[in-house]
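**Q** In my numbering, the protein residues as written are 50 to 290.
Just so you know, the hints here were simulated from the structure itself, not pulled from any lab data.
Per label pair, the in silico range of CB-to-CB distance: (1) 89 - 237: 21 to 27 Å; (2) 268 - 95: 24 to 30 Å; (3) 92 - 219: 35 to 41 Å; (4) 146 - 232: 40 to 46 Å.
Backbone N, C-alpha and C fix where the C-beta goes; we use that ideal spot for every residue, glycine too.
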Amino acid sequence: MNPRFGFFVCVVSLVFLTGTPGPAKGQENSVRPGINRYYEKPDWDRWVRAFERPGREVYDRRHAIVAATGIHEGMDVADIGAGTGLFTRLFSSEVGSDGSVYAVDISDTFISNILHICAEEGITNVRGIVNTPYDAALPENSIDLAFISDTYHHFEYPEAMLASIHRALRDGGRLIIVDFRRRQGTSSRWVMGHVRADSDTVVKEVESAGFDYLGEMPLLRINYFMIFEKRPHQRKRIDNR
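Kindly generate the complete structure, drawing on both the sequences and the hints.
**A** Laid out in structure tokens, this is it:
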């Protein structure tokens, strides 16, 4: 990682969902108003206990998930919806001193605590971004991989958010989405009531944002692990999705 970047927090204006104004003309409408209200003033310790506990699939399988991303030395990675920084910290060791990890979350409490922990642990390749529900707030062409774990269903404005992620990815960059399987008759009542879209819907939304779907890895049971690649501008679609 270039030392001029140092260790910093990039804070953009926060627009919390309960106070989000109505969409401007031509702006995307919210698909789940209020979905992120619990993160306006989150209790850090409560969410650490919720997110980093045995029995939560993405926690139990965290090392397998990191290995499956293909992240390696020197990459620039964004952990979007970083939460308590579980994957941020794991990615940090994988990309090494020549790479960087953006911890991105709409909660300034999450980001400030992630950076505090990183400072205590001597981690210097993590950058924090407090974003808005509309925009990941990442610099253009700044990352090789965007990682979203159990957060896609929290995208209140998926079209706008995906467009911002597309801009942030370099040519050939990949997007990995891990989220809950939503299947009538098999998914829990909580998933059916909380998670907006099934995996087929997610694929269609992400493809419409300029990504090619590369497939799903059979890594998880409750969640899926899907891989997308930023589509070159010159490539024309030949399928009928």
